[in-house]
Amino acid sequence: QVQLVESGGDLVQPGGSLRLSCAASIRFFSTYIMGWYRQAPGKQRELVAGITTGGVENYADSVKGRFTISRDNAKNTVYLQMNNLKPEDTAVYYCNANGVTRHYWGQGTQVTVSS
Numbered sequence: 001q002v003q004l005v006e007s008g009g010d011l012v013q014p015g016g017s018l019r020l021s022c023a024a025s026i027r028f029f030s031t032y033i034m035g036w037y038r039q040a041p042g043k044q045r046e047l048v049a050g051i052t053t054g055g056v057e058n059y060a061d062s063v064k065g066r067f068t069i070s071r072d073n074a075k076n077t078v079y080l081q082m083n084n085l086k087p088e089d090t091a092v093y094y095c096n097a098n099g100v101t102r103h104y105w106g107q108g109t110q111v112t113v114s115s
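Take the sequence shown: its position 30, counted from the start at 1, is 30 in the numbering used here, and no numbers get skipped.
Treat the hints as calculated values from the structure; they're not laboratory data. A hint or two may mislead.
Within a straight-line C-alpha distance of at most 20 angstroms, the following computed EDC-like cross-link-like pairs (lysine to aspartate or glutamate) qualify [said to hold, decoys possible]:
id, residue 1, residue 2
1, K86, E46
2, K43, E88
3, K43, D61
4, K86, D61
5, K64, E88
6, K75, E57
7, K86, D10
8, K64, E46
Simulated DEER-style distance windows between Cβ atoms [said to hold, decoys possible]:
id, residue 1, residue 2, range
9, T101, L11, 35 to 43 angstroms
10, P87, G54, 31 to 39 angstroms
11, V100, Q13, 36 to 44 angstroms
12, S115, R27, 41 to 49 angstroms
13, G15, G54, 26 to 34 angstroms
14, P87, S25, 28 to 36 angstroms
Glycine included, each C-beta is placed from N, C-alpha and C at the ideal position.
All chains should be modelled from the sequences, with the hints used to inform the complete structure.
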């Protein structure tokens, strides 16, 4: 059974950092485009960052220069390093795996940025 398990969410002060991890039990993990999405209360889920099978990264304008996505295909894991966090980054963060024919979501991890 395919699972994406996120971890690393927490309560952090503005300006702080967090590193999210997503461990994927997916065969041929390296063939999936991986992404991090977030959903704040009352808002639609939005793409935060993505990384292709070849390691090309893309970011939402709101997080460019602050967040970094990376993947370790040997560990079937994707990471999101978040620096200089702002209150508007508060949301549930979801991991996504996008394959040619299959598409998976994790259960989400809460990130709260507040003083």
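Evaluation of the provided hints:
1. Taking the CA atoms of K86 and E46, the gap is near 16 angstroms; set against the 20 angstroms cutoff, the hint holds.
2. A hinted pair counts as satisfied when its Cα atoms are at most 20 angstroms apart, and K43 with E88 qualifies at roughly 12 angstroms.
3. Between K43 and D61, the direct Cα distance comes to roughly 17 angstroms. Compliance with the 20 angstroms bound is thereby established for this hinted pair.
4. Under the criterion of a C-alpha separation no larger than 20 angstroms, the hint pairing K86 with D61 is consistent with the structure, at around 14 angstroms.
5. For the proposed pair K64 and E88, the alpha carbon gap of about 14 angstroms is at most 20 angstroms, so the pair holds.
6. Distance restraint check for K75 and E57: the Cα-Cα separation of roughly 19 angstroms lies within the 20 angstroms cut-off, and the hinted pair is therefore satisfied.
7. Between K86 and D10 the CA atoms are separated by roughly 13 angstroms; this keeps the pair inside 20 angstroms, and the hint holds.
8. A distance of roughly 14 angstroms separates the Cα atoms of K64 and E46; the hinted pair therefore holds under the 20 angstroms criterion.
9. Between T101 and L11 the CB atoms are about 38 angstroms apart, so this pair conforms to the stated range of 35 to 43 angstroms.
10. At about 34 angstroms, the CB distance of P87 to G54 agrees with the hint of 31 to 39 angstroms.
11. Checked against the hint of 36 to 44 angstroms, the pair V100 and Q13 passes, with Cβ atoms roughly 41 angstroms apart.
12. Hint check: S115 to R27, Cβ distance near 44 angstroms, so the stated range 41 to 49 angstroms holds.
13. For G15 paired with G54, a C-beta distance near 33 angstroms keeps the hint of 26 to 34 angstroms intact.
14. The supplied range of 28 to 36 angstroms is met by P87 and S25, whose beta-carbon atoms lie about 34 angstroms from each other.
Violation of the numbered hints given earlier is absent; every hint is satisfied by the structure.
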